[in-house]
Amino acid sequence: MFQREGVTYAFHHMGIPTHETREGERYSPQFRMYTSDAECALLHVQYHRFEAGSPLPELMRTVPHAAFKVSDLAKAIEGKKVLLGPYEPIDGFRVAVIQDGEAPVELIETSLTDEQIWGRTQSGTQASIYRKD
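Take the sequence shown: its position 129, counted from the start at 1, is 129 in my numbering, and no numbers get skipped.
These aren't lab readings, by the way, just hints derived from the structure by calculation. Keep in mind it's a predicted model, so treat the numbers as computed, not measured. Hints are supplied without guarantee of correctness; some may be wrong.
Said to hold, decoys possible - Here are the computed distance ranges between Cβ atoms for each label pair:
1) 3 / 51: 34 to 42 Å
2) 8 / 52: 34 to 42 Å
3) 113 / 19: 28 to 36 Å
4) 64 / 86: 18 to 26 Å
5) 79 / 19: 29 to 37 Å
6) 116 / 42: 17 to 25 Å
Don't be surprised by glycine CBs; every beta carbon is placed ideally from N, CA and C.
Work the whole structure out from these sequences, hints included.
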């Protein structure tokens with residue numbers, strides 16, 4: 001994977017597309033996508049199931065992605081093919097998805113702790129991506 005001078009990268013989670021309905025799914029009307037979390041001890045895994053008509057690029061809907069926390073999102077995506085974003089799906093959590101070779105890679109800039117991040121995604125509180133209007 002590429003690295004940028006002046007940007008730190010730390011692994012955050014894996015995202016895996018699925019066609020299976022899973023327990024505990026959260027729905028994003030914006031992306032027509034359901035997200036669920038896996039019971040993994042070593043790393044955090046999210047499953048993403050997409051409805052027909054999801055506006056997300058095909059690569060994101062069909063290929064697993066790695067996600068990394070970065071110290072400078074703007075610098076990390078500079079000159080890269082951006083598939084999505086930057087945007088703020090969770091308050092205080094900025095994201096962009098780039099294409100690295102044939103794989104999507106999610107880049108995250110945040111000062112939130114993992115407990116705050118996963119708590120907000122589970123509850124939908126301060127998480128516009130899962131907010132029910």
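May I ask which of the numbered hints given earlier this structure violates, with the numbers listed in increasing order?
none
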